[in-house]
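J.: Whenever a hint applies, use it, and build me the whole structure from the sequences.
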Amino acid sequence: MHEFDLSSAIVATVKKHAGERKVTHVTLRIGRLRQVVKDTLEFYVAIVGKDTVVEGATLQIIDVPAVLRCKTCKNEWEIEIPAFICPSCGPGAVEVATGEEFMVESIEVEDEESAACTAPR
Amino acid sequence: MHRTKVRIVEDALDANHTIAMANRDDFDREDVTVVNLMSAPGAGKTTLLERALDGLAEEGLRVGVLEGDVAGSFDADRLSVLNIPVTQLNTDNGFGGECHLDANMVRSGLAELALDDIDILVIENVGNLVCPAEFKVGEDARVMVYAVTEGEEKPLKYPLMFRSADLVLINKVDLLEHLDFDLEQFLGNLDAVNPGVERILASARTGQGMEEWCSWLQRRKG
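Residue numbers (my numbering), protein chains in the order written: chain A, 1 to 121; chain B, 1001 to 1222.
Here are the computed distance ranges between Cβ atoms for each label pair:
(1) A/H25 to B/E1211: 54 to 64 Å
(2) B/R1007 to A/P65: 17 to 27 Å
(3) A/E112 to B/E1198: 51 to 61 Å
(4) B/H1002 to A/K16: 17 to 27 Å
(5) A/T58 to B/G1055: 52 to 62 Å
Footprint (simulated), chain A over chain B, 3 or more residues, beta carbon under 8 Å:
(6) 1159 to 1169
(7) 1192 to 1201
These aren't lab readings, by the way, just hints derived from the structure by calculation.
For every residue, glycine included, the Cβ atom is placed at its ideal position computed from N, Cα and C.
T.: Here you go:
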């Protein structure tokens, strides 16, 4: 049920960048190690975003694979199950290369045509 | 009306991290070592904390507790009779109650704690194996309590939590003889997600591991 709070964090971040502008689309980049259930996250973003500029925005989630790196042999490999052990060197200094992301990558907002034309270039 | 794409590339939890760092600055200024104590409900966080208090008092270390619960003050009431500063944080603020403490909730509890009278602050998180791992609160170390009644596979089911721990207290080992629990298999699973993480076999009931637990806390205080 961490998706509810994660949704609040996402909506807060989006609102900060959108200001008064209506948001039509949100792109997220979420690592597989975050254990986020996408459907649940979408469900809560809709609830938390209701009556805000985020209401009605579509959500796209870019999955980032869980990739580990061995500090000893420098090999990198993707994991499908939680096993933080280097296949060549065994247990030891393994670090996460990717898979822990929880980013708001971009948003798409509606700009007033006139405002867009007069905006400083 | 036209649409503009705005590139953001910002960690959605940045706001929490920023407050966590502010908490950490306050702790460092008062030389307080902070432990975030996490587990599933009923694993034994409060009891293990009670057991550690005597040993730490003998060493002259002053302990304070921030007690996080969805509702009620059962644990805070238990601890307050031990004459230590305890602040209760209830997370029930409308949506059935948050399932974890975040940096801002901890910050709101700090005002009531005299940090200059505390050497070690234990933040007892809400019982939950998922959400508390997501939210830094400004702690120096994360201690996870796991009870052997929970089953061998838990590290594989909740890797986020087990991976974030600096110490795993394996509690209720006095029950091992009554359970079909394979300790070796559990330790193998633990090492798969957090290789070599410090662990203590403990029983708050019999006192096993309590000296080690106290020593660990003392070492963290440094």
